[in-house]
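Asker: Letter by letter, the chains look like this.
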Amino acid sequence: MKRVLIVDDSSTTRALIVATIDDMEEFETIEAPNGFEALKRLPQQPIDLIVTDINMPDINGLEIVHFVKHHPQYQSIPMIIVSTEGSEEDVRKGLDLGAGAYVKKPFDPEFLKATIRRVLNL
Amino acid sequence: MSKRKQDDTLREFLAESEELLETLHHSLRIIEKAPQSVNPETINAMFRAAHTLKGMSGVMGLAAVSDLSHSLEDVMDRVRMGKLAMSQALLDVLGDGVETLGRLIQSAASGRPLPETTELVQRLREAMTAQPSGGTVEYPSGLDPEIIKVLTEYEGHRLQENLKAKHALFEVRAQFRFEDFDKALSQLTAKLQTAGEVITTLPSSGISPKDGIGFTILVGSQRDAEGIAELLADDHVELVPIGAESRALLKSTPLPEVEASTRSMSQSIRVDIAKLDGLLNMLGELVLSKSVIAQIARDFMQTEGSVGPAVELHKAAQALEHRVSGLQEGLIEIRMIPVAQLFDRSIRAIKKIARDLNKEIQVVTSGEETKLDKSMVEAIADPLLHLIRNALDHGIESREARRLAGKPDVGTIHLSAEQKGNTVVITVADDGCGINVPKVYQIALAKMLAVPDKEYSQKEIIEFLFKPGFSTADSVTELSGRGVGLDVVARHLARLNGLVDVHTDLGQGTRFILTLPITLVIIKALIVRVGPQTYAIPISAVAESVMVEARDVVTVGRRHVIHLRDHTLALLRLSDLFGVEQVTAPDGRLYIIVVGLAEKRLGLVVDAIEGQQEIVIKSVGAMLQGICGIAGATELGNRKTILVLDVGALIDEAVAQQPVAPLAA
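One line per chain: the protein sequences are A and B, in this order. The numbering of the first sequence is the working numbering, which starts it at 1 and goes up by one. The numbering of the second sequence is the working numbering, which starts it at 1 and goes up by one.
For the record, the hints were derived by calculation from the structure and aren't laboratory data. A hint or two may mislead.
To be verified - List of simulated lysine-lysine pairs, BS3-like, C-alpha gap at most 30 Å:
1) A/K69 - B/K524
2) B/K524 - B/K459
3) B/K149 - A/K69
4) B/K524 - A/K2
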């Protein structure tokens, strides 16, 4: 079972991402409602994939990508940005920092599933 | 997705959207207070709430909600990026937008027809007199390139605004223990916000959590480097001014070693109110069991005397009582929310109604921090809105009339809340024209509510306002002329075991005072006896209780009344109502429990008052359902089930003077 960390400040969106991933029947999901919680979750168990929003208070999604991709222990964890259409520049920055893919909200569950399979080389 | 999952997600969506709507309402209110000097964080909070709503309604497939939140988000995005200035017109359309969004979500979630939003979306679009997007961001030399990489477009804009305002920029570098970094960082951030704006916070960390976690915080401030250094003198941080020469002013010192813990950082959780209702019901059962045990302990003491086991049982029962009370207070506290949420919504409604009526209104609030049970807040929202509509429609005069009366052009509505013991008192006061008592009397006569040639006191005349179908408006207005009058408010309040009172001064204004129990589930009740039967009357509906001589009761027509301090009080004998035998005390005294709604008071005649007790109202079985005057049943410590009186219904009955189906005891 692979483990996915989902970072989004909307509990509704998290629930829908969890539902989509549950559907794939090969993942376990962990949720974080903000950047702080995401940072806390990382050392608690091995994580195989991080799905994060960009616009969040305090620590934004770009900062999470930066943190993970600069951390010797976590930098190999693939990351997907799931965010509403907003600033293209923000998405580009996220990809520059090392996120493997961008999925636009509202997302098509099948597209999200396919993206997850692609970044994990499944 | 399974049906259950879908339902769960919808519930989650509704709960979350409610929170986001509160954020939108609340931010709007703050902005309205000083549109030109708003903290950027407030604007951003509004943007973020609209943004999140757009995203989540999109994934839920609620296109109409998503579209409207998108429009609001667009407007707020322009405002936060400095491309659109705040104005009253903009605030108005944003206010309408947020209000409609609330109705839209309710309709969309329950599958009802959606309110029309095309015009509103158009107005929002027109409000955006968009200018070409701002120039490229120029970063000051000396700024950590890693920070530039993680700045969102908005944070980039805030950086530019700080530079434009010639604020000094600093990087504050802090190292925290992993276990409690969230708390330490929040404290540091709050401190920095007193001196300026926190633009972004970049985390970085060593290999293992043991190394702790570092943060680079970008701050813009009007204070110079020395000022900030002084502010942070006691924090273990490094302070680097950004500019010509970047040199660390403060050096961080190694953290003191503290035993590691793995506490969770989450400070709050969201719980479905239904779960709390379930717990509270269970607690209700526990309160009953507690009373039963206390009663057994007392009986045991009486039969056995104050000896060994009897005393032990008594002590144990007291300890149990103490702990159950603690549990009860704690659980009720969890359900409490500040009335500020209710006031925020009301103020929005006031602004809108005032605009529709072309009246200028200022709203003053006090006691917003007063807390009330969440279900009570929901239940009181409609009656409160009704009173506000009344105040705006009938209370506050037109600008011309106010000028003639020598009053300020702008009318004032004062919403206040105050806790008094187990009740919360909410007041809606206006500085309008007051209630025109002679006019009320004329209308009451015309509608055959008042009897010609009979003398009525001012209080009795005001009472007519609470009769069904009464309206004093010269013309039927769209606002209040819906055939729904104050009688509905009064009945609604009665259902909640509350009271409504009116005070009015002609030409000066009117005050409606709502008294509500803090919670609906566990209430204090007056236990009374009528013949062999015992009943409970919710204390919050009781104005006073008096002892009178049986001969003081006089008969007027077919009704029993007494004279109480210059007023005639109609009486209702519970013995007649429920068909039980009244046992008048040998000294000819009886007790009258004065219950009432506003000016509508009624005296319930009982044989004795047995005391006060906390009770848990349970619904009655099918057999008793539909019998007037009974709100439910409860158990007392002596394991007897007794009936709880429905004061609102009793008053309606007394007013209607219709015979009540006798209840077999």
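Asker: Are the hints correct? Go through all of them and say.
Answerer: Okay, the hints, checked on the actual structure:
no.: 1; hint: A/K69 - B/K524; in the structure: violated (60 Å)
no.: 2; hint: B/K524 - B/K459; in the structure: holds (29 Å)
no.: 3; hint: B/K149 - A/K69; in the structure: holds (12 Å)
no.: 4; hint: B/K524 - A/K2; in the structure: violated (55 Å)
This entry does not satisfy hints 1, 4, going by the numbered hints stated previously.
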